[in-house]
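Asker: Residue strings, one per chain:
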Amino acid sequence: MKKMMKYWNKPSRSAYLFLAPSVILLILFSVVPLIIAFGLSLFDVSITMDSARFIGMENFVEAFRDSRFINSLKVTAIFTGLEVPLQVLGALVVAALITKNNIKNKFFRAVYFLPVICSATAIGIMWKMILHSNIGFVTAALQSMGLGKINFLNTPGLTIFVVSFISIWRSFGISAIIYVTAIQQVSASLYEAAEMDGAGKIRQFWHITAPSIRPTFWYILMTRFAGALQIFDIIYITTNGGPNYTTESTVTYIYSRAFSSRSSMGYASAMSVILFAIIMVVTVIMYRKMNQED
Amino acid sequence: MNKMSKWKRMAALGISTMMIVSTAACGSGSGGNSKSEKTDAKNQSKGTTISFWNSFTGSDGDMLVELVNRYNKENEDGITVEMDISSDFDSQLSTAFAAGTGPTMILSSSAYRFTYGDYMQDISDVFDKTDLDKDDFIQSYLDYCSEGDKLYFVPFQVVGYYMYWNKDLFEAAGLDPEAPPTTWEEWQTYAEKITDESKNVYGSGISYDYPYQIAHMMQRLGGLSVTDDNGSWKANFAGNKGYADFLTMYKTLTENGDNPLEADTDSMVSAGQIGMTVGGPWVTAGLDTAGVNYGIGLIPQGDAGDMNSVEVLGFSVTTTASDEEKEAAYKFIEWWNSENEEGSSPALEWSVANGFPAYTYSVQEKDEYKQSEKLSVMSSANPDAPTDFIVDSSFPGINDILNDVIPEMINSVAFGNMSVNDALEKAQTTADKIVGEYNK
Numbered sequence: 001m002k003k004m005m006k007y008w009n010k011p012s013r014s015a016y017l018f019l020a021p022s023v024i025l026l027i028l029f030s031v032v033p034l035i036i037a038f039g040l041s042l043f044d045v046s047i048t049m050d051s052a053r054f055i056g057m058e059n060f061v062e063a064f065r066d067s068r069f070i071n072s073l074k075v076t077a078i079f080t081g082l083e084v085p086l087q088v089l090g091a092l093v094v095a096a097l098i099t100k101n102n103i104k105n106k107f108f109r110a111v112y113f114l115p116v117i118c119s120a121t122a123i124g125i126m127w128k129m130i131l132h133s134n135i136g137f138v139t140a141a142l143q144s145m146g147l148g149k150i151n152f153l154n155t156p157g158l159t160i161f162v163v164s165f166i167s168i169w170r171s172f173g174i175s176a177i178i179y180v181t182a183i184q185q186v187s188a189s190l191y192e193a194a195e196m197d198g199a200g201k202i203r204q205f206w207h208i209t210a211p212s213i214r215p216t217f218w219y220i221l222m223t224r225f226a227g228a229l230q231i232f233d234i235i236y237i238t239t240n241g242g243p244n245y246t247t248e249s250t251v252t253y254i255y256s257r258a259f260s261s262r263s264s265m266g267y268a269s270a271m272s273v274i275l276f277a278i279i280m281v282v283t284v285i286m287y288r289k290m291n292q293e294d
Numbered sequence: 001m002n003k004m005s006k007w008k009r010m011a012a013l014g015i016s017t018m019m020i021v022s023t024a025a026c027g028s029g030s031g032g033n034s035k036s037e038k039t040d041a042k043n044q045s046k047g048t049t050i051s052f053w054n055s056f057t058g059s060d061g062d063m064l065v066e067l068v069n070r071y072n073k074e075n076e077d078g079i080t081v082e083m084d085i086s087s088d089f090d091s092q093l094s095t096a097f098a099a100g101t102g103p104t105m106i107l108s109s110s111a112y113r114f115t116y117g118d119y120m121q122d123i124s125d126v127f128d129k130t131d132l133d134k135d136d137f138i139q140s141y142l143d144y145c146s147e148g149d150k151l152y153f154v155p156f157q158v159v160g161y162y163m164y165w166n167k168d169l170f171e172a173a174g175l176d177p178e179a180p181p182t183t184w185e186e187w188q189t190y191a192e193k194i195t196d197e198s199k200n201v202y203g204s205g206i207s208y209d210y211p212y213q214i215a216h217m218m219q220r221l222g223g224l225s226v227t228d229d230n231g232s233w234k235a236n237f238a239g240n241k242g243y244a245d246f247l248t249m250y251k252t253l254t255e256n257g258d259n260p261l262e263a264d265t266d267s268m269v270s271a272g273q274i275g276m277t278v279g280g281p282w283v284t285a286g287l288d289t290a291g292v293n294y295g296i297g298l299i300p301q302g303d304a305g306d307m308n309s310v311e312v313l314g315f316s317v318t319t320t321a322s323d324e325e326k327e328a329a330y331k332f333i334e335w336w337n338s339e340n341e342e343g344s345s346p347a348l349e350w351s352v353a354n355g356f357p358a359y360t361y362s363v364q365e366k367d368e369y370k371q372s373e374k375l376s377v378m379s380s381a382n383p384d385a386p387t388d389f390i391v392d393s394s395f396p397g398i399n400d401i402l403n404d405v406i407p408e409m410i411n412s413v414a415f416g417n418m419s420v421n422d423a424l425e426k427a428q429t430t431a432d433k434i435v436g437e438y439n440k
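Sequence lines, in order, name chains X and B.
At position 26 of the first sequence the residue is numbered 26 (the UniProt record's numbering), and the sequence of numbers has no breaks.
At position 267 of the second sequence the residue is numbered 267 (the UniProt record's numbering), and the sequence of numbers has no breaks.
Bear in mind the hints are in silico, worked out from the structure with no lab data behind them.
You may find that some hints are simply not true.
[What the hints assert, rightly or not] In silico lysine to any residue, SDA-like type, Cα no more than 20 Å apart, as pairs:
(1) B:LYS199 - X:ILE150
(2) X:LYS149 - B:VAL201
(3) X:LYS128 - B:GLY58
(4) B:LYS199 - B:ASN256
(5) B:LYS251 - X:SER133
(6) B:LYS46 - B:SER338
(7) B:LYS440 - X:ILE55
(8) B:LYS433 - X:SER46
(9) X:LYS149 - B:GLY257
(10) X:LYS74 - X:PRO156
(11) B:LYS426 - X:PHE64
(12) X:LYS128 - B:LEU261
(13) B:LYS433 - X:PHE60
(14) B:LYS433 - X:ASP66
(15) B:LYS251 - X:ASN134
(16) B:LYS433 - X:ARG68
(17) X:LYS149 - B:ASN200
(18) B:LYS426 - X:ASP66
(19) B:LYS193 - X:ASN134
(20) B:LYS199 - B:SER270
(21) B:LYS199 - X:ASN134
(22) B:LYS374 - B:PRO177
(23) B:LYS433 - X:PHE64
(24) X:LYS74 - B:GLY416
(25) B:LYS433 - X:PHE259
(26) X:LYS149 - B:GLU197
(27) B:LYS199 - X:VAL138
(28) X:LYS128 - B:GLY286
(29) B:LYS199 - X:ALA141
Isolated chain X (complex conformation) (with noise of 0.2 Å):
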């Protein structure tokens, strides 16, 4: 026993059981997933993974033989295009006017946060009853405004920035306290110089705040495109996919494939590989660059 705490007790050694209890969550929820997900890609299998039968490319064939498939894909590059940038630059002017610790501040900080830590659901839900074509408080509102009925969630071309807004204001508090963070941790005295200087508050945004906090920009414009890519809950919640397949992404697609119809393991495990390749190739060009600036 003395032996065995003397062998983990040197920092090198002892740094492994810290990192144990992650990577084995790791290796089990994410790596073993992912390999088992690659194998399926390749299997004609069903839901409850009995009678498999080997197919090769087949699955990956038919996917891109698939229009609605093709067509999740756009969705899912319109939604991306909309909501990452609205949301890391949105995110990041929020974050610039309420980053000192003043009680408004802090008031607002929570106010932000609110719709992160309630429920896709819920929030799903709430949005769709605020939006409803006939019975939603905003619709009536503005009707009566004299704006004219805006049916939000039926109309073709309009429900996918409806919804990528619902998706903006869910999460976009969460990447507004990372930046808040991050200029916290800006040096007080870069600022006194500039202002020294002269330097206006815009001026120190851009030559000071932005330059410090580079990396968590990066950060969040990676997690946040990752994320946007594999958009599943609001969609579900509020659209279903609809009107006429305009708002239904990838994930949405690939969950029907697997439990609503045909029950498809096989065919679903091919779309997530090919997700998956979409995100990785994103998110690599992302990382290079990012080491490339800095």
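Mind docking chain B on chain X? Use the hints.
Answerer: Same frame as chain X, but now just chain B:
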């Protein structure tokens, strides 16, 4: 010496194996009359705990919890039913089965036999091993739960779709509130009269996002979408005049502003903004809570003839259940359908409280049941009318038709600027692919 002990060990192992095999053989031995089987069942299931999974997450789930708790308290066999209600029932079930585990008993649509049939036990002996009377169950519903001679479900709930109309809106439009439409032509005429744009009131409430609602209406006009064609499945979308009539009606109603272009029409029905709609028995809960003055009737029949399309939900015992657990599950199912001293039963309570039509003649005969206007209407469908829902009841791909073909078809017409005939052709192509897979 070593050699000797090795032989001894081998002999001991052999004897042990033989003993285990012979004991198992005794256990699985059949024979004896049904009475002794019943006694065995009682003895076997004593003190057994069974797991029971379902997806009743709504308000009816609260009642289910109450009834299961009552059973756990009252049953004299010491059986404990551990219920797990999950909104993610499907993925929970598939994951469990894939892992070789699962619950003793599930409560689901009888269509689950097409997906999980390999994990469900034949429970046709439930009528031999319990006091349940097979003749008391309406045969067409039992047929819905069977494949050939095998029974996979004991009915729990019959879900039909009905027409609901708002009597106040009928009156305001100058229509007789006691005379709902009996034809689809009347539906359209009444919808036009009821619609009042200034009040956001729509005459008709058909949602493009409710495939079950659409399917119930469609099949009354154009019959079943997949039928048995001399031993192989055949899809019937392209050239189906009834389906074309339905799509044309939907398109006309929405274009004229008599039907909202809305996914969630149930909320509007509860808010008293819809004149007529079609929905399941749960629609009444929203209407009752909101205090809407409404009527309930059978869906107008169309050219396809008299139909009583329903979905049957039932209790099923999975292959993971041991003999003891299976018997315990039978006991619970028996209790659910048995009358107490006051002449009531959980099945009757469930039917009256939640507004689902009964699946046994004995419940239909009860005064409490007869007194309910809703239940009387629900039970008034022609008993000889086919109960198949949108596809031949033996076609395993019903979910594919409901989740893939019908939504694509209605969306194409509602939003895709596709002509009705083109939408039906597209639906035929998708359905042919699905049907082709099952014909393999």
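Asker: All hints are to be evaluated individually against the structure, with a verdict given for each.
Answerer: Right, here's what the structure says about each hint:
no. : hint                : result
1   : B:LYS199 - X:ILE150 : holds, 16 Å
2   : X:LYS149 - B:VAL201 : holds, 13 Å
3   : X:LYS128 - B:GLY58  : holds, 19 Å
4   : B:LYS199 - B:ASN256 : holds, 16 Å
5   : B:LYS251 - X:SER133 : holds, 18 Å
6   : B:LYS46 - B:SER338  : holds, 19 Å
7   : B:LYS440 - X:ILE55  : holds, 16 Å
8   : B:LYS433 - X:SER46  : holds, 17 Å
9   : X:LYS149 - B:GLY257 : holds, 12 Å
10  : X:LYS74 - X:PRO156  : holds, 14 Å
11  : B:LYS426 - X:PHE64  : holds, 19 Å
12  : X:LYS128 - B:LEU261 : holds, 15 Å
13  : B:LYS433 - X:PHE60  : holds, 18 Å
14  : B:LYS433 - X:ASP66  : holds, 12 Å
15  : B:LYS251 - X:ASN134 : holds, 19 Å
16  : B:LYS433 - X:ARG68  : holds, 15 Å
17  : X:LYS149 - B:ASN200 : holds, 10 Å
18  : B:LYS426 - X:ASP66  : holds, 14 Å
19  : B:LYS193 - X:ASN134 : holds, 19 Å
20  : B:LYS199 - B:SER270 : holds, 15 Å
21  : B:LYS199 - X:ASN134 : holds, 10 Å
22  : B:LYS374 - B:PRO177 : holds, 16 Å
23  : B:LYS433 - X:PHE64  : holds, 17 Å
24  : X:LYS74 - B:GLY416  : holds, 17 Å
25  : B:LYS433 - X:PHE259 : holds, 19 Å
26  : X:LYS149 - B:GLU197 : holds, 11 Å
27  : B:LYS199 - X:VAL138 : holds, 17 Å
28  : X:LYS128 - B:GLY286 : holds, 17 Å
29  : B:LYS199 - X:ALA141 : holds, 14 Å
The earlier numbered hints are all upheld by this structure, with none contradicted.
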